[in-house]
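Colleague: Sequence:
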Amino acid sequence: MGEAGIIVPLAVISVVIPAFNEQARLPATLEAVLAHLEQGDWSGFEILVVDDGSTDATRAIAEGFATRHPRVRVLANPGNRGKGFSVRHGMLRAEGDWVLFTDADLSAPIAELDKLMRAVEEHRADVAIGSRALDRSLIGVHQSWFREQAGRIFNLMVRLLVGLPFWDTQCGFKVFSAHAAREVFRRVRLEGFGFDVEALFLARKLGFRVVEVPVRWNHVEGTKVRLWRDSVRMFLDLLRVRLNQLRGLYR
70 MGEAGIIVPL
80 AVISVVIPAF
90 NEQARLPATL
100 EAVLAHLEQG
110 DWSGFEILVV
120 DDGSTDATRA
130 IAEGFATRHP
140 RVRVLANPGN
150 RGKGFSVRHG
160 MLRAEGDWVL
170 FTDADLSAPI
180 AELDKLMRAV
190 EEHRADVAIG
200 SRALDRSLIG
210 VHQSWFREQA
220 GRIFNLMVRL
230 LVGLPFWDTQ
240 CGFKVFSAHA
250 AREVFRRVRL
260 EGFGFDVEAL
270 FLARKLGFRV
280 VEVPVRWNHV
290 EGTKVRLWRD
300 SVRMFLDLLR
310 VRLNQLRGLY
320 R
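Quick note: the sequence shown uses this note's numbering, first residue 70, plus one each step.
A few of these clues could be false.
Label-pair restraints from in silico Cβ distances [as the list claims (entries may be wrong)]:
hint	residue 1	residue 2	range
1	A93	R216	35 to 41 Å
2	R298	R162	25 to 31 Å
3	A180	N149	26 to 32 Å
4	T136	R228	44 to 50 Å
5	A93	L315	40 to 46 Å
6	E217	E164	33 to 39 Å
7	L161	G209	29 to 35 Å
8	P147	R251	20 to 26 Å
9	E132	F215	33 to 39 Å
10	R193	F304	30 to 36 Å
11	A126	V289	17 to 23 Å
12	E290	L315	36 to 42 Å
13	R221	T136	40 to 46 Å
14	L207	E290	16 to 22 Å
Since the hints were made in silico from the structure, they are not lab data.
Heads up, the beta-carbon is just placed ideally off N, CA and C, and yes, glycines get one too.
Sequences are here, hints too, so could you generate the full structure?
Modeller: This is the structure in structure tokens:
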């Protein structure tokens, strides 16, 4: 089902930004994304902010940008549903030839998109995922020691339980061709932080070519991931992916 080799130059790019209570960071993020895309070689672009039931001014700020910039769209979830639901919502509503989802804190700078697009051209890939693990010298500000070790353990479990070969499935910086985005995310079921693993599992199952790319990355304070609670949930999500596969829910 893969559709590798799509020509990247002169394509339209969609950037999906899931946002929950991001009023402090969202203005600078939108300015940075707009500035980068306006300077690029894209034939067109759009930015989709997906508000995940924020209780602060996130939605109002995003709608203010959309009023001033017609290429910004705001999508609203039916309440607080989780990052996985938010990303799926945006990916399925995107209209570009390629669709990037990125964290609202831009822990991976938006300029790293260029690196992902070079990789999909070079490898004739359908999906490119940013990775912190392939070249840790690119990490400017590290997470705490405990979070980094938890990430390594989780990656080991991903390899053992789900069979993915990647060194970092959880970096929130991934680009999909429009075809891959539709086919993968219409099948994604997980609504929490474990959705990345499910999406990559589905991409490979459906025959899409996935390339892992080292990117610059900086830890930004204010993460929504709660180490112990969400680590347990993400481990359970790995089991859910396997169970969903055995039950035939990904057909």
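Colleague: With reference to the structure, classify each hint as holding or not holding.
Modeller: Status of the hints after comparison with the structure:
no.: 1; hint: A93 to R216: 35 to 41 Å; verdict: 21 Å, violated
no.: 2; hint: R298 to R162: 25 to 31 Å; verdict: 29 Å, holds
no.: 3; hint: A180 to N149: 26 to 32 Å; verdict: 31 Å, holds
no.: 4; hint: T136 to R228: 44 to 50 Å; verdict: 46 Å, holds
no.: 5; hint: A93 to L315: 40 to 46 Å; verdict: 43 Å, holds
no.: 6; hint: E217 to E164: 33 to 39 Å; verdict: 37 Å, holds
no.: 7; hint: L161 to G209: 29 to 35 Å; verdict: 33 Å, holds
no.: 8; hint: P147 to R251: 20 to 26 Å; verdict: 21 Å, holds
no.: 9; hint: E132 to F215: 33 to 39 Å; verdict: 38 Å, holds
no.: 10; hint: R193 to F304: 30 to 36 Å; verdict: 34 Å, holds
no.: 11; hint: A126 to V289: 17 to 23 Å; verdict: 19 Å, holds
no.: 12; hint: E290 to L315: 36 to 42 Å; verdict: 40 Å, holds
no.: 13; hint: R221 to T136: 40 to 46 Å; verdict: 44 Å, holds
no.: 14; hint: L207 to E290: 16 to 22 Å; verdict: 20 Å, holds
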